[in-house]
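Student: We have chain A; now place chain B with the ligands onto it with these hints.
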Amino acid sequence: MSISFTLNGTPVSVDVDPEMPLLWVVRETQGLTGTKFGCGIAACGACTMHVDGQATRTCVLPVDAIEGADVRTIEDIGPETPSAVQAAWLSHQVPQCGYCQSGMIMAVEALLDEIPDPSDADIDAAITNICRCGTYDRIRAAVHTAARLRREA
Amino acid sequence: MSDTPEPRSKVRTWTRRSFLATAGVVGGGLALGLTLSPNRLKMSDDSVATGDEILLNTWVKVTPDNRITVFFPHSEMGQGAGTGLAQMLAEEMEADWGAVSIEQAPATDAYINSDLGRGYILGQGANIPAFMYPMIDFAFLQIANGLVGQLTGGSTAIRLTGQHGMRRAGAAAREMLLQAAAAEWDVPVTSLAARDSVVTHAASGRTATFGALAARAATFSPNLKPALKDSAEYRIVGTSKPRLDLPEKVNGAAQFGIDVVVPGMVYAAVALAPVRDAQVASVEDAAALGRSGVRQVINLRDAVAVIADSYWTASRALEEVGIDWSGGQTDLSSAAIRAQHMSDLDTGDMEEMDQAGDVSAALASGTALNAEYEVPYLAHATMEPMNCTVSLRGDGADIWVGHQNQLHARNAIAETLRMTPEQVTMHPVYLGGGFGRRGDMDFVTLAARIAQAADAPVKMIWSRETDMANDTYRPAIISRMQGAVENGRITAFASRYIDARSGMPDSERPFAFQYEVPNRDVARVICPSPVPVGTWRAVDFTQMGFFHESFVDELAEAAGADPLRFRMDHATPRRRAVLERLRRESGWDRDLPPGQAIGVAMVDSFETIVAQAVHVTVSEDRAVKVNRVTSVVDCGRVINPSAAEAQVTGSVIFGLTSALYGEITLEGGGVQQQNFPEYDMLRLSNAPEQAVHFIASDHAPGGLGEPAVPPVTPALCNAIYRATGTRIRSLPVAKSGFWAA
Ligand code: FES
Ligand code: FES
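Going down the list, the protein sequences come from chains A and B.
Position one of the first sequence corresponds to residue 68 (this note's numbering), numbered consecutively onward.
Position one of the second sequence corresponds to residue 17 (this note's numbering), numbered consecutively onward.
It should be emphasised that the hints constitute simulated quantities derived from the structure, not laboratory data.
Some hints could be false.
The calculated label-pair distances, taken between Cβ atoms and stated as ranges, are [what the hints assert, rightly or not]:
hint, chain 1, residue 1, chain 2, residue 2, range
1, B, S308, A, D137, 26 to 32 Å
2, B, G306, A, S80, 23 to 29 Å
3, A, I108, B, G114, 41 to 47 Å
4, B, S308, A, P78, 55 to 61 Å
Non-contacting residues of chain A with respect to chain B, defined by C-beta distances greater than 10 Å in every case (computed) [to be verified]:
hint, residue
5, D131
6, E134
7, E219
We put the beta carbon where it would ideally sit given N, CA and C, even for glycine.
Pulled out of the complex, with its shape left as it was, chain A reads as follows:
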């Protein structure tokens, strides 16, 4: 069965098991490996993509549930010039191993789309991803910087 959706602005059609989670469809059939696998049960956020603008954990999202949807991955952030979030991530030197950061950045991009100037409480509520390297303090600072950069842009 063929399932169609838009991936980073390009229409794609995949012929896979409809139950296959979007994460694996994107990583393995579309060759975009920036989005990561961390837990497979929606507990860590490493697999976060935007589905119709919503930050979504895609390791448990069957691909047939997103027929016709607009899917955006880390590869579409920037990519020519860093987004405000990416620029803030670099100026605060956020990543350590970097493995969780695609998911973090996608979650933060969606947060700022919804709440342009989030409070610490907004950040706590929205960004529940795990970073095993413990980069949380820099993430918080970088989210505030990114919000400012977006306003100034």
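Tutor: Same frame as chain A, now just chain B with the ligands:
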């Protein structure tokens, strides 16, 4: 895109040929390698070069376009080692930092990291970082035959490779470039100066770039002992240069092991024994093989693998395989292991580790205390689950794996595949966390065995559940301590503890009490863990730090003393300075409202002293909120303050996570925790505010990947005690009815 800048950090495929091609003059430039076999040994310090050893392991390349590439022999797992090492080299070379890039060195014997072994054997104060313990052949005499190195412990890179290799490589390259300019212009070397990758002759105003001089520089011999800069002149070391690997870690481009794509590749999902050491009795695979995309079901006796055209398909099919397991240690449980530890402490063979004075007399004369402390098994839970990709070809194998010890992994795979090490090519990738777990061989040899049974290149990925239930854990152990205080002084310290054999060498002395006490009696019972254990970020210092630093607080209370000043009264001057700074920075002497308190602890490990103050609020219903953690660190010279701070703040989260949540338990021979809800992690919402202060120091750099982990747990528990009066002697804090808010 032609105007896209080249990434300044690379992990890329090396073949034997490309490696050899870099040795010498390349493309009209200078390639300076410091790893030379002894008969061609040019660069090693003769005080450490003996016999057949291969010493330094640093390469630098200068190309005619005036770009400098630094090759570093460590894996990048988040610590930013490549950038720090390049800073050390560029500083001595007088390079233009903006034109420096880094590349991970190939895994070949020429990069053997044997400085590490040397420091250990000679006891030169170069303590060996924890991650490498299991990687050393402890038959020391064999080290000369080739300590199989290229290993990455968070604490080795700067201390050893950087301090011994990178600085000297940079200085030697600078001297060669100056010699080239002197010859070119027929002026004395002493009339020349190098700065920002340009050599200048002040008298004539002539200048030349390093790139322009590189080919000629390559005709000079590297100086054995180049002059190193005075640290007062440093311009690059000690500054927070942005990490060169980060641009590709914010756009999804960084390639981790799990991201590797090999043409024709298939995927493997694996089931490992649910009971330790159980074997496969039978496999019912018809249903799995019927699933579209499934190619093979492989019975490996100790594991079953499903091969499919997608990982998800393989893992779904694996659930449909009926596996009968038989045998194994079905009676293994956390309770049984604990009971064994207790009886060993009662009646086992004691081995004396540290003894001085007369403990019995001191106990009899002072105020004596007894306490029993214990800690559970802990998982590493790296964010990237274990994975390894193996491609077999007629004459060898290609391996892609995020590993902390590439050469050792290569050899383990070669042995599994019955090949020579030279037939196995390792391809560096980024590591999605290591923490000691990625120094083990179990997952790489398993991947090799699966590849042998498959008919295509295979990427094996462990599910989070497989990863968590098949870790090499931080051991659960127990310590019984006794102490005495008299007139405000600790007069005795004694402990009896279980050594579960994590692999840490005794020379690190994690068991040693870190305060001045005249009467000591520390002994262990060796009780190897029946569950695989390994190095877990800071290793045995994590358990001993909790035991000793909690007990010191108990002793301080018995002495009626302030816990921080009590520590200072018993500390060496360097440690005392760290504690005094912590007192000032943490607001230690402030009055706090009820329910709030600050706890303190200090642990000196891997040549770095870390003291931490943890400020908590504990509610009526025992919810613990960690408000703020202040760390004061004396790690000697700081190479990159921003990267150093990140290691400390990350370690604090790592340690707090274990104290608040961490526990792996066994029942019926299997691990009970499967995934993150049962083995939970701190998140943004409950991560504390942090402050990190470094003591300005000219000491040689200490380790930094691990030393900030051990003190945070006892500091937390000491804070909880001061807030509530409940002393936590068993972790995690949930055992005492507390929970993380
Ligand atoms: S991999 Fe999807 S939330 Fe963890
Ligand atoms: S940076 Fe390593 S898990 Fe977040």
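Student: It remains to establish, for every hint, whether it holds in the given structure.
Tutor: We went through each hint and held it up to the structure:
1. The given range of 26 to 32 Å is respected by B/S308 and A/D137, whose C-beta atoms sit roughly 28 Å from each other.
2. Roughly 26 Å separates the CB atoms of B/G306 and A/S80, a value that falls within the hinted 23 to 29 Å.
3. Roughly 44 Å separates the CB atoms of A/I108 and B/G114, a value that falls within the hinted 41 to 47 Å.
4. A C-beta distance of roughly 25 Å is found between B/S308 and A/P78, which places it outside the suggested range of 55 to 61 Å.
5. The beta carbon of A/D131 sits about 14 Å from the closest Cβ of chain B, which is more than 10 Å, so the claim that it is off the interface holds.
6. With a cut of 10 Å on Cβ distances, A/E134 stays outside the contact zone with chain B, its closest approach being about 18 Å.
7. With a minimum CB-CB distance of about 19 Å to chain B, A/E219 clears the 10 Å threshold, and the non-interface call stands.
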